[in-house]
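A.B. asks: First to last, the protein sequences are chains A and B. Take the first sequence: its position 63, counted from the start at 1, is 63 in UniProt numbering, and no numbers get skipped. Take the second sequence: its position 132, counted from the start at 1, is 132 in UniProt numbering, and no numbers get skipped.
If you're looking for bench data, these hints aren't it; they were derived computationally from the structure. We put the CB at the ideal spot given by N, CA and C, even for glycine. Careful, some of the hints might be misleading.
[As the list claims (entries may be wrong)] Beyond 10 Å from chain A on every Cβ pair, some chain B residues (computed): (1) Arg20; (2) Arg100; (3) Ser123; (4) Gly148; (5) Glu170.
[Said to hold, decoys possible] Residues from chain B shown here face chain A by an in silico Cβ test under 10 Å; the list is partial: (6) His40; (7) Thr74; (8) Glu221; (9) Ala229.
[Claimed, not checked] A few chain B residues that face chain A, going by a derived Cβ cut-off under 8 Å, partial list only: (10) Val28; (11) Val167; (12) Leu168; (13) Asp171; (14) His179; (15) Pro183; (16) Met185; (17) Phe217; (18) Ala218; (19) Leu219; (20) Val220; (21) Arg228; (22) Leu230; (23) Leu234.
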Amino acid sequence: MTAPYLSLLLADGRLPTGAHTQSGGVEPAFQAGMPLAAVPDYLTVRLRTVTEVEAATAVLARRTWADGGPDRVAALVALDVAWRARTPSDVLRDAADLLGRSHLRLAAAVWDLAPLVEARRLWCRAVVVGVTAAAAGLSAAETARLVAFDDVQTVLAAALKLAPFDPAHGVAWAVRAQPEVERLVERVADLLSPADLPAPTAPLLEQWGQQHRDSERRLFRA
Amino acid sequence: MLLPSAPVARAAPTVVQVRRERGRLRTVLRGGLLRPQRLHGPPDRCRVGLLASTALLLGGDVVELEVDVGPGVTLDLVDVAGTVAYDGRGEPAGWRVEVRVADGGRLRWAGEPFVVADGADVSRALLLDVADGGRALLRETLVLGRTGQLGGRLRSATTARRGGRPVLVEDTVLDPATHRRLPGMLGDLRVLDSLLAVGEELPDAPAGPTGHRPSRFALVEPGCWLGRALLPDLASSPLHRWWAAATA
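Take these sequences, add in the hints, and give me the full structure.
C.D. replies: Below, the structure written as structure tokens:
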């Protein structure tokens with residue numbers, strides 16, 4: 001049973017995937033006037049919308065890869081496109097592509113992901129994470145939890161840099177987000193078909209993310 | 001969720017079909033809860049107005065509309081008035097629209113505001129299928145609550161495809177009892193004013209009367225755009241100007 005160990009490894013913020021350039025949208029949220037105290041609510045919104053889509057995509061990518069069918073790359077392309085249709089902001093899609101590329105470079109050096117690399121296209125991060133999870137032997141629930149955990153930690157780590165506060169508060173917020181994370185895991189872990197990919201949207205998140213590109217003062221890409 | 005206490009009476013769908021036969025525009029209009037009516041317009045296109053045939057939208061009502069734009073036809077669809085979804089007293093209401101635009105077809109639909117009053121529980125669904133050589137420009141204005149209200153429950157699902165490929169898939173759940181008012185969803189805003197352009201160029205967004213600048217999203221398919229303003233009220237919307245610029 002290596003999955004629990006590899007699950008921790010993949011969730012570690014020290015994993016060199018370039019994720020430190022991302023704020024999970026919390027930088028544009030602060031710039032739009034969101035107070036620091038609203039961060040837990042902000043996490044709830046993400047876990048019920050964009051992060052659910054991200055986790056669901058990763059779960060389906062994991063299943064597609066693990067099933068090992070001959071058309072699995074074509075199926076992953078369709079899934080990648082389905083994710084893109086659910087992400088209207090081109091800025092957020094670009095950010096996910098950047099992360100997907102660096103994550104794939106890393107994961108392909110550790111596991112055999114040749115078909116994904118040889119497809120020579122941009123993969124969104126969720127597809128790459130899902131395939132990596134399959135290669136590492138993670139379950140669907142572990143995959144979804146990995147995505148959700150990563151999102152929570154990305155937001156909290158960025159918030160800490162942007163609006164310095166007692167880091168213990170951030171950890172307490174991460175603990176408080178746990179039931180919401182588990183509800184997300186329950187919603188997406190059993191998904192079987194890309195046709196079931198949910199599409200819950202968060203209108204302000206998309207708008208803030210889009211406008212962030214034009215922001216003059218920013219630490220994070222998105 | 002509350003279930004309807006009695007089977008929901010459902011009218012036949014409203015149908016608007018336009019095609020060109022031997023150089024002439026031929027329209028098939030069939031009334032349901034909405035009544036389509038041919039309007040005067042320039043000879044190169046078809047203008048159809050949509051009128052409510054009864055007090056809409058009450059609990060239990062399900063409005064269904066099918067729009068079919070044939071090859072080489074331009075259809076301007078006009079809502080004659082906005083729609084208010086009233087307090088359904090526990091009964092949900094539905095609003096389903098299916099649109100097909102063929103190669104060389106063009107649809108412009110300047111939707112009027114759809115207001116979700118307190119106590120309403122509405123599911124909206126839009127399915128838009130545009131052929132590779134077709135074009136569509138739609139405005140959708142969702143208003144949560146009448147003046148002074150918080151607004152009821154709205155679920156708005158949009159699926160837009162071009163040549164069968166997904167362009168935009170959105171399922172917006174706006175429930176004041178859950179996370180609608182949290183940061184990142186809508187906060188205290190009440191209006192989502194959107195332009196969806198498939199195969200149509202959407203020019204840069206103009207600023208609204210109060211300086212609000214909406215977002216312009218380049219969707220995954222080239223030549224497809226989503227323009228959206230999120231607002232405290234409809235009066236500050238820049239989308240009248242944007243629509244005018246997009247259709248100039």
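A.B. asks: Confirm or reject each hint.
C.D. replies: Going down the list of hints, with the structure as the test:
{"no.": "1", "hint": "Arg20", "verdict": "31 Å, holds"}
{"no.": "2", "hint": "Arg100", "verdict": "18 Å, holds"}
{"no.": "3", "hint": "Ser123", "verdict": "14 Å, holds"}
{"no.": "4", "hint": "Gly148", "verdict": "22 Å, holds"}
{"no.": "5", "hint": "Glu170", "verdict": "5 Å, violated"}
{"no.": "6", "hint": "His40", "verdict": "36 Å, violated"}
{"no.": "7", "hint": "Thr74", "verdict": "26 Å, violated"}
{"no.": "8", "hint": "Glu221", "verdict": "8 Å, holds"}
{"no.": "9", "hint": "Ala229", "verdict": "9 Å, holds"}
{"no.": "10", "hint": "Val28", "verdict": "31 Å, violated"}
{"no.": "11", "hint": "Val167", "verdict": "6 Å, holds"}
{"no.": "12", "hint": "Leu168", "verdict": "6 Å, holds"}
{"no.": "13", "hint": "Asp171", "verdict": "4 Å, holds"}
{"no.": "14", "hint": "His179", "verdict": "6 Å, holds"}
{"no.": "15", "hint": "Pro183", "verdict": "5 Å, holds"}
{"no.": "16", "hint": "Met185", "verdict": "5 Å, holds"}
{"no.": "17", "hint": "Phe217", "verdict": "4 Å, holds"}
{"no.": "18", "hint": "Ala218", "verdict": "4 Å, holds"}
{"no.": "19", "hint": "Leu219", "verdict": "6 Å, holds"}
{"no.": "20", "hint": "Val220", "verdict": "4 Å, holds"}
{"no.": "21", "hint": "Arg228", "verdict": "7 Å, holds"}
{"no.": "22", "hint": "Leu230", "verdict": "6 Å, holds"}
{"no.": "23", "hint": "Leu234", "verdict": "16 Å, violated"}
Consistency note: the structure conflicts with the earlier hints numbered 5, 6, 7, 10, 23.
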